[in-house]
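*Asks:* Okay, here's what each chain looks like letter by letter:
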Amino acid sequence: MATRSMIDQAKKRTDIRKAITPYTYLVPAFLVMSIITFYPLIYQIIISFTDFQTKDLLMGLASPGLNQIGFQNYVDILTGGLPVQNFEFFRVLTYNLWWAITNVALHVPTGIVIAVLLNTQGLWFKRIYRSLYILPVVVPPLVVATVWRNIFDEQYGAMNQFLTSASMLFGSADPVRIRWLEDFTPPIPWLLPNGPLTLAYYAMMIANFWLGWPFMTLVATGALQSIPKDLYEAASIDGASFFQQFRNITVPLLRPAMIPAAIYGFVLSFNLFNFVYFMTAGGPARSTEILVTFAYDLVRNLRLFGAAAAFSVIILFVAFIIFLITNRLTRATENVAE
Amino acid sequence: MTTYTELKKSNNPVIRFLTMNTSREVGGNALPLWRQLLLQIVCLIIAAGVLFPIMYIVTLSFSSKETRPSSLELFPKEISLVAYQQVLDRPTANPVTFFELLRNSFTLSFGVGLVALLIAVLAAYAFSRFKFKVREVLMILVFVPLLMPAIGLSTPLYLLMNSFRIADCGQGAIAVVPFANCAAGSKVIFNLRDSLYGVGIAMVATALPFAIWNLKGYLDTIPRELEEAAAIDGADANQIFFQIVLPLALPQLAVTFFLGFIGHWQEFALPWLFLTKPESYTLSMTLYNMTGQYANSIPWNRFAAMAVIVALPVAIIYIALQKQIVSGLTSGSVKG
Chain A
1 MATRSMIDQA KKRTDIRKAI TPYTYLVPAF LVMSIITFYP LIYQIIISFT DFQTKDLLMG
61 LASPGLNQIG FQNYVDILTG GLPVQNFEFF RVLTYNLWWA ITNVALHVPT GIVIAVLLNT
121 QGLWFKRIYR SLYILPVVVP PLVVATVWRN IFDEQYGAMN QFLTSASMLF GSADPVRIRW
181 LEDFTPPIPW LLPNGPLTLA YYAMMIANFW LGWPFMTLVA TGALQSIPKD LYEAASIDGA
241 SFFQQFRNIT VPLLRPAMIP AAIYGFVLSF NLFNFVYFMT AGGPARSTEI LVTFAYDLVR
301 NLRLFGAAAA FSVIILFVAF IIFLITNRLT RATENVAE
Chain B
1 MTTYTELKKS NNPVIRFLTM NTSREVGGNA LPLWRQLLLQ IVCLIIAAGV LFPIMYIVTL
61 SFSSKETRPS SLELFPKEIS LVAYQQVLDR PTANPVTFFE LLRNSFTLSF GVGLVALLIA
121 VLAAYAFSRF KFKVREVLMI LVFVPLLMPA IGLSTPLYLL MNSFRIADCG QGAIAVVPFA
181 NCAAGSKVIF NLRDSLYGVG IAMVATALPF AIWNLKGYLD TIPRELEEAA AIDGADANQI
241 FFQIVLPLAL PQLAVTFFLG FIGHWQEFAL PWLFLTKPES YTLSMTLYNM TGQYANSIPW
301 NRFAAMAVIV ALPVAIIYIA LQKQIVSGLT SGSVKG
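Residue numbers (my numbering), protein chains in the order written: chain A, 1 to 338; chain B, 1 to 336.
Careful: at least some of the hints might be erroneous.
Unchecked claim - Output of the computed footprint for chain B on chain A, the stretches with three or more beta carbons under 8 Å from beta carbons of chain B:
hint : stretch
1    : 32–40
2    : 52–63
3    : 71–84
4    : 130–139
5    : 268–279
6    : 290–300
Just so you know, these hints were derived from the structure itself, not from any lab. For each residue, glycine too, the CB sits at the ideal point set by N, CA and C.
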């Protein structure tokens, strides 16, 4: 009997060890995240209820002049009470969502079409095109944004110079002087009427399009290569046209790979700080401001730390809702093995 | 309307030429010459679009003219390295050499990438191989840094890092704040916030979600037969991880590290907020200095040279490892 209970005990011990194992593997990640994400996040929430200013940076929450002001920061942000010009929360939020959605809506289909094009059997110079098309992924977005900013320069930029040469072909002698990044009049006023889409938005869409589709082509190419070729052979024997094959074989089989990529692209565009900040810094008149660049502006230039904290909490809230929706759609956190 | 097969049998030599199959691959759809040429034109147009800004900036960087370009040039008329030389000699108005900037950028990106990778692979293993309580909740928590970029947390991070200092109290005494502090009149000799270490620590959190997600996706695709066999032979979870899973995941580790590296290489917001000493500035901060409100005094050829220099290290590694990176990215995402 004694041996029996000893075996039981030993078994219990290994059971406990087994139960603990996954957590030990997670300790480093959560330790780091507690210190640099969750602790600051809680701190940020506390700050968001105060009128934290530059002078409080030295002492932090222990600072003597710090006042609890309740939800005032949140109210100010949502109702436009911040001492900031051209800022209205819901306009920026709408623009931010629109920016992320239109980017993904452009990048994913283009990425797929070009991947299919490159996947054409017997296409000449396939390898050369593939390595050329990958270049935009290689260049750091920060460099891309600065370069495109120069390209869209009113006087010396390559875009206006290109348009000038093009218009000369049609007999026009005047140099094209489009104020890409400064003009405030929306060219298509009925499009998203509450968040005026200035020319700068279109300029950024062009630049970010250049940056974005190659990544989608990469993902789509990988997925295309895993589609068995005999499916297409069978379809063409049955007389299916190219477009029928595309619609009924390619698209459904690409979907599992493209949806996570699209959502990754969406979250990325939603918080695309470096690119937006370097290209327009939110201008003109905050028309291309996204939530993150505005939060940065609140800290860096306006020094409204309390309002910035409240703003960050709001961003997290919005992003978390988006994440939960997309997570439900893709089940990214589910265990595939189950 | 004549069908393709009818055309193929045509006696007209032009039509026969245009419809000859140019696909050398046996089986599958044929690719007639006219369609091949059409696709080539489309491909060339796309290539021109991709190359346009690259040619533009490279041409600009090889120019010796300090004035702004008056007309569009996409092919260098001269190969002058003046701009590169100037940038390498004196990258900013501050007293910092180019190699210090490069070293700082490299140390920061490499260090953050490596630390994040080591932490992430452990977490990815746990998420991929074990079932445990609150697994779903923890997986969602891992994504929080992606939803709340470090910029959004800059104030508390600033305060947190700022509270770790080493102060020289005089008379040979040194105090490590916050564990000890000098009585009075101390001189700060090290401030975590004002150093690359502080910035690096703050950046690790942002790097984790992508690394964990990408590695978990890959680990999910590794068949478990090996591990099961090892478990039958009596190996415990740790042995399985270090002796079987880790070696198998090595290529993917390299890819994840590199993708993180690109992101850290261009990180600019946090260093910009935290660092005050020019000798710890990074390359991307320098590039920012050359645009925007400060740009008017800087000749475009110098800016172009700097842009090429910042992009080059990443581009070279990427092109060299292209095949592995592509398969690494897709294996992580090809799953429902």
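*Asks:* A separate judgement is required for each hint: does it hold in the structure or not?
*Replies:* Cross-check of the supplied hints:
no.	hint	in the structure
1	32–40	holds (count 8)
2	52–63	holds (count 3)
3	71–84	violated (count 0)
4	130–139	holds (count 9)
5	268–279	holds (count 5)
6	290–300	holds (count 5)
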